[in-house]
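Following the hints, put chain B in place on chain A, whose structure we already have.
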Amino acid sequence: MRPQGSWRYRWHAALLIQRRDLRSIILGLSMYIVLSLSLLASALILRNYLNFVNESGLLVLSDPFRLPFLIVTFLFSLFLALSSVTTIAREKDQGTLEVLFYGPVDCFSYILGKYLAQISSYLVAAAIYVCCFILYADLTNLIFPFSMTWVIILSVLTISAVIAFGIFLSTLTGTARAALLLFLGVVLVFVAIQAGHEVLANISPQGRYYNPILFLKNVFSFLNKVANWLSPFSYFNQGMNAVRRSSGISYLVMLLVSAVYSVAFLGLSMVTLERKGVRK
Amino acid sequence: MRKGTLCLPVTLLLSIFFTAAALAQAPVKERRFVYGVNAFAGRDYVGTFYPPTVNTLYLLADTRSIISPRYTLLYFWPITNEYKVDWDSLNETVTGTLEILRRGKLLHSLSQTKYVIQHPRGLDAGEVHLYIGREAEAQYQEFQRQRQAYRDRVWEYYEATRRYQEQLEEELARGERGEEVSIPDPPLEPEPFMFFSTSLNDGSPIELPAGAYSIRIRGADGQIVPQSERKLIVFSPRREGLGYTIIPQTKWTTPEQADDPSQVIYARSGSSMYLQPFVEEEHNELYYTRLAKPQSTEGRSDRWVWVHIQPKDGGYLEVLRDGQVIGRVERKPYWVKQIPGPALGYEVVEYQAGGEGSRPRSPDFEGYEIRVEPGQPSYAIRLVEPDGSVVVGSEREIRLVKTRNLWALYLLPLLPLTAGVSLTVWRRGKVAPRQDKVS
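These protein sequence lines map, in sequence, to chains A and B. For the first sequence, the numbering used here assigns the number 482 to the initial residue and increments by one for each residue that follows. For the second sequence, the numbering used here assigns the number 9 to the initial residue and increments by one for each residue that follows.
Think of the hints as simulated: they come from the structure by calculation, not from any bench. Heads up, some of the hints might be wrong.
What the hints assert, rightly or not - Stretch by stretch, here's where chain B covers chain A in the computed footprint (C-beta under 8 angstroms, at least three residues):
| id | region |
| --- | --- |
| 1 | 510-517 |
| 2 | 521-530 |
| 3 | 536-546 |
| 4 | 609-618 |
| 5 | 716-729 |
None of these values were measured; they are calculated from a predicted model. Note that CB positions come from ideal geometry on N, CA and C, so glycine has one too.
Pulled out of the complex, with its shape left as it was, chain A reads as follows:
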């Protein structure tokens, strides 16, 4: 049985870890490089839209900031995921984790602290992105609709799921390098499944080698369905579609699924860390 007030101490410890990690992220250069690169990518997309209007005189779009926002979210989530994946493994590898656990820190407060630090840094980034997008909208007269608010809220939960997944992978491995390789492997599998599905789906039935491809097509279609349930970005994409179609129920489902995903992987991370221990 835990002593009275232990939850208060755990929460306090989690907040301390969160502050320390957030400070480290914000004072580092990496976050700013990612912010700049992602904003540059979105600027290129917007410029492409404007060029199209200039050349053809017309462009019909429901939401010009949808793709740029998807890209900035994806790039920033990659940065956060890599950061989450390496953070625990590195501290374990260097022995810092063991020292921390001699103090008033346990698996719950440690994982929660790490998670809160990452999600707070995304909130900072999201605020910067929104400010920049509003400026982009003003510069170009492309509309930044109110419905983007729902997309931004959804992105917080998507990022939350990505971070939770990254932390989970980090607890599985003993070294930062192994954690990184595992993460990249998982990402590559997801990308390969999605790319394979898209490529095969576009092969015409009139093709000469269609029949053997049809089998592969079905296999990739099935794998893609599975990956759609595992990938937080799939939820994000589905949630964005729900916003576009004004489908409140689908949107809420995606919010809920992302939240459950985050909680599940954070819980798994705590259990894994507890079982594997904090020693190198």
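Same frame as chain A, but now just chain B:
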């Protein structure tokens, strides 16, 4: 020599025979059960068939379609990777009733009846009717009567043309003889016969609310016909609305679509566009694709597609700025005038019947012209019925994109990097004196 002369043609004949035998890869046709379906697709009927390999049929909810169980010759066509049917060789109606079940419970038992599908004003005119039972027979007879009347008119026209030619020749001969000539009026060609009708066929009319069902055929002997048990998905549109086909003046042959009400039309200052409104429905992409192409592997269940049902005639377009009506645009006909000379070029001008020689007999298109004037960042348009009521879902926003000072787009991404570098330099500057102190 003679033997050699004979050998060559024989060898040639044999080689041609064997080559022909090798190339004649006639598909193997098998007598199989299929469902022939005339499915209502929102604006027209789509004739399809479901081979035994396709387990699920798709139909639109609350609209009448026809399901016709048939025995026919089925074969696989490797070029398109799909099954085809040879209706001409075998088109045998499967006698029995069509049973429709939901969760294993029998809902309807439908017998077959005569039906006919007709387009009174032509296949592309949009108007389509499905008649069943006695009405189908009566309408088909009416079609035959009208077709016969048209044939009679054509025959009369040819007769009149022949007589006209004879009269013309007589008049010419008279003219050559120096007599007075009177040129007769040529006969008028009859109006083309646009009425289209299918032949009278047998099938079960089916009209169901949206939902998942299963179907099967109970034969005359009371047994379920083998391979007739299939799933049936009846679906309805998710939304109904008004879409626009937008013809930009700069590329009139490649129009854009503004189907979704959330879509914004971005335009360049000074450009012109022509809007054609359409009544539309939004359907599940997978369901709608399979309704028209049952064997297709295209379409996704998590996507939606807007389907244009019919052009929206009548009414006028209102242009609004800050919620206030600032203009009214009427629908007008236009034609595309090619600019003479070797270089490519055209201009879209308003069509007026009659007039000069280069003008075509009919306009190239009709639409509501919108000119994007400079100085106004955005305005809205909406379609208004002749009675003054606004058509629901017809509002769209038109925004004028800015194309000046776009370098600033690339300046913004530099700001976080500058902030990050400044922060790093500042931190190093702060840490370095401390380290000096320690050392």
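Hint-by-hint comparison with the structure:
no.: 1; hint: 510-517; in the structure: holds (count 6)
no.: 2; hint: 521-530; in the structure: holds (count 5)
no.: 3; hint: 536-546; in the structure: holds (count 9)
no.: 4; hint: 609-618; in the structure: holds (count 4)
no.: 5; hint: 716-729; in the structure: holds (count 5)
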